[in-house]
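Enquirer: Residue numbers (my numbering), protein chains in the order written: chain U, 1 to 467; chain V, 1 to 151.
For the record, the hints were derived by calculation from the structure and aren't laboratory data. Hints are not guaranteed to be accurate.
[Unchecked claim] Calculated lysine-lysine pairs in the DSS-like style (CA-CA distance at most 25 angstroms, straight line):
#1 U/K216 - U/K269
#2 V/K123 - U/K362
#3 U/K362 - V/K13
#4 V/K10 - U/K362
#5 U/K435 - U/K62
#6 V/K10 - V/K123
#7 V/K10 - U/K353
#8 U/K216 - U/K62
#9 U/K353 - V/K13
[What the hints assert, rightly or not] Derived Cβ-Cβ restraints for the label pairs, each shown as a range:
#10 U/K445 - V/I141: 18 to 24 angstroms
#11 V/K99 - U/S267: 47 to 53 angstroms
#12 V/I81 - U/E417: 53 to 59 angstroms
#13 U/P338 - V/I81: 39 to 45 angstroms
#14 V/K13 - U/Y303: 28 to 34 angstroms
#15 V/P71 - U/Q32: 45 to 51 angstroms
#16 U/E414 - V/G36: 48 to 54 angstroms
#17 V/E32 - U/P118: 45 to 51 angstroms
#18 U/R423 - V/Q22: 54 to 60 angstroms
#19 U/K216 - V/V57: 51 to 57 angstroms
[To be verified] Over 10 angstroms on every C-beta distance to chain U, these chain V residues come out as not near it, computed from the model:
#20 L27
#21 A31
#22 D55
#23 R58
#24 S73
#25 A74
#26 R102
#27 V122
From the three backbone atoms N, C-alpha and C, an ideal C-beta is built for every residue, glycine too.
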Amino acid sequence: MARPGTADAPLRVAIVGAGPTGYYAADQLFRQAGVAIEVDMYDRVPTPYGLVRAGVAPDHQKIKSVTASFDKVAANPRFRFFGCVELGRHVTVADLRAHYHMVVYTTGAQTDRRMGIPGEDLRNSHAATEFVAWYNGHPDYRDLTFDLSHERAAIVGVGNVAVDVARILSRTPEELAVTDIADYALEALRSSRVREVYLLGRRGPAQAAFTNPEVKELGELADSDVTAVPEEVELDDLSRAAMERASDRATQKKVDLLQEYARRAPSAKRRRLILRFLVSPVEVLDDGAGAVGGLRLVRNKLYATETGTLQPKPTGEFEDLPVGLLFRSVGYKGVPVPDVPFNDKWGVILNEKGRVLDGESKQPVIGEYTAGWIKRGPTGVIGTNKPDAAETVACMIEDLGRDQHLQPAAPSREAAERLVRERQPQCFSYPDWLKLNELELRRGKETGRPRVKFTRIEDMLAALGRR
Amino acid sequence: MTIASLLARKGVKVVTIQPEHQIRQALALLAEHNIGAVVVVDPGARPIGILSERDIVRAAIGDERGVFDRPVSALMTRNVIVGVPQDDLVSVGYTMTEKRIRHLPVVEQGRLVGIISIGDVVKAQRDQYQGEVDTLQFQLIAEQEKPVAQA
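Please work from the sequences and hints to get the whole structure.
Expert: Structure representation (structure tokens):
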């Protein structure tokens, strides 16, 4: 059998997941000299861009501008998009293996890590990722409700998701109205009674994952004073030594900024955002009616592991923090893809450098690959997925050269599309998305906002005149 | 970024050897898997030492004929520095460089769960910085262009 990759018989690749990594993988594939490649990209929601649309905060439009480069990839005539098509529901791994030479899973980390403490499932205790998906208009989360009638809210974690949630809860309706936040979320937040927002970090200020621009932004909110507890932002000896030996100026700047926040006198702003460090929740307290009434915190001390990483250790000193609303943001977690070997330990698809491994033999599964968060876990910024996808694509090209790929009986664009349309008549194409994009932008223009999102699949179909 | 994200894309194979095995067997493992060190474990999968190609080279100079028959336990480095999956790659990279450690066994509750090399750490950091530069460049370009509204 001739090796695929010629103009007459292109290498056909399915990419499952239309987030940044999916696009980076497609881009890398199209850049391969001398190999003709066709890419069909699948996503379970009708719209592309993954977490750039549904995760990146609506008040961070600049970060979302990376989608312009994604659209360039999608403009390649050898690229197609099948939105609203879910693997395991509309198509199976076996279907993909029958229509493509290679399949790449870039499904990301679709759920959140749990804290594993008593009371975690009380009413008004949420995963921060659900709140994020809700305010960003993700169709699966748009109908969630959050009780914003409480005055005090806490967010466990100090990563960028935690900081996003704290900012969205602290912003004024006027600040939010100029973003592309989902319109129902804007309405709900307009009547929010939240006055105090706590961000809880288990380690010290020097170890907090948030970046300096993010910290700075917290100090510039229109109607919320940011503050910190002076003794919690003091540097301990271990942190100081670690920063000095690495001459880490960025972290020094972050600590300086946090110390400045701790010294700031409160102004007349209506809200307060309190940054706490060296505390871990050990229990979510019941308000007596099955809802969150507070959080029991233990104070931590830092210790150095053998490699010099500073980790928290509980001191045995406790404190109760009364809050009525709780968001946990202690990390994302990958979800197994139906019929694809999973590595439970790390919450990723079982793989080596992006080659999916068989669960039993631990040998590569011919034709199946993975990239992005579902390959290495949820770390890094959007761009980190580019070298990650490049590593996977390098494996694919190497395997193609060794004739290690699937042998679909009659691979063709038409056959794949027939299958998809038959299984999911509502399927959305890239031209569909470009049309929706234009409509969303137009709706935004009419109301002075960057965009007004469609958040229901029925509304998207209606807007396209398809029902 | 933590050690866990390195182990996540390394499959599940961790090449180990037992202390009573011979150096000959250790060399076969190093060659077969194209690696530079092998973790020495007890029957409970607890790491008790590490044997690197360098340990063998050093021993071979004084004992050209006998070295192959010697037990792993005679040449391995004891008192091994180990990492845990939550260790941060910045401190791991610093410690490995300062202490001249090329291979770091990773343990969880005393049991070996993987091994990372200084090369793995350097590559992960390079990719992280490359990704950050790329992302920052995009934002800068976006700032320079007229206000855009995306996704």
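Enquirer: Given the hint that U/K216 pairs with U/K269, test it: the Cα-Cα distance must not exceed 25 angstroms.
Expert: Holds - the C-alpha atoms of U/K269 and U/K216 are around 17 angstroms apart, at most 25 angstroms.
Enquirer: Cβ-Cβ distance between V/I81 and U/E417: within 53 to 59 angstroms?
Expert: Because 55 angstroms falls inside the window, the suggested range holds.
Enquirer: Check the following: the C-beta atoms of V/K99 and U/S267 are separated by a distance inside 47 to 53 angstroms.
Expert: holds (49 angstroms)
Enquirer: Could you grab the alpha-carbon distance between U/K216 and U/K62 and see if it respects the 25 angstroms cut-off?
Expert: holds (16 angstroms)
Enquirer: Is the straight-line distance between the alpha-carbon of V/K10 and that of U/K362 25 angstroms or less?
Expert: holds (11 angstroms)
Enquirer: Holds or violated: the 54 to 60 angstroms window for the beta-carbon distance between U/R423 and V/Q22?
Expert: Because 58 angstroms falls inside the window, the suggested range holds.
Enquirer: Say whether it holds or is violated: V/S73 keeps its Cβ farther than 10 angstroms from all Cβ of chain U.
Expert: It holds; V/S73 is separated from chain U by about 22 angstroms at its closest Cβ, greater than 10 angstroms.
Enquirer: If I take the minimum Cβ distance from V/R102 to any residue of chain U, is it greater than 10 angstroms?
Expert: holds (14 angstroms)
Enquirer: Would you check whether the claim that V/A31 is not at the interface survives, using Cβ distances to chain U and the 10 angstroms cut-off?
Expert: holds (19 angstroms)
Enquirer: Taking 10 angstroms as the cut and beta carbons as the points, is V/R58 off the interface with chain U?
Expert: Non-interface label on V/R58 holds, nearest chain U Cβ at 24 angstroms vs cutoff 10 angstroms.
Enquirer: Hint check: U/K353 vs V/K13, CA-CA at most 25 angstroms. Holds or violated?
Expert: It holds: about 13 angstroms lies between the C-alpha atoms, which stays within 25 angstroms.
Enquirer: May I ask you to test the hint 48 to 54 angstroms on the CB atoms belonging to U/E414 and V/G36?
Expert: holds (51 angstroms)
Violated hints: none; the structure is consistent with every hint.
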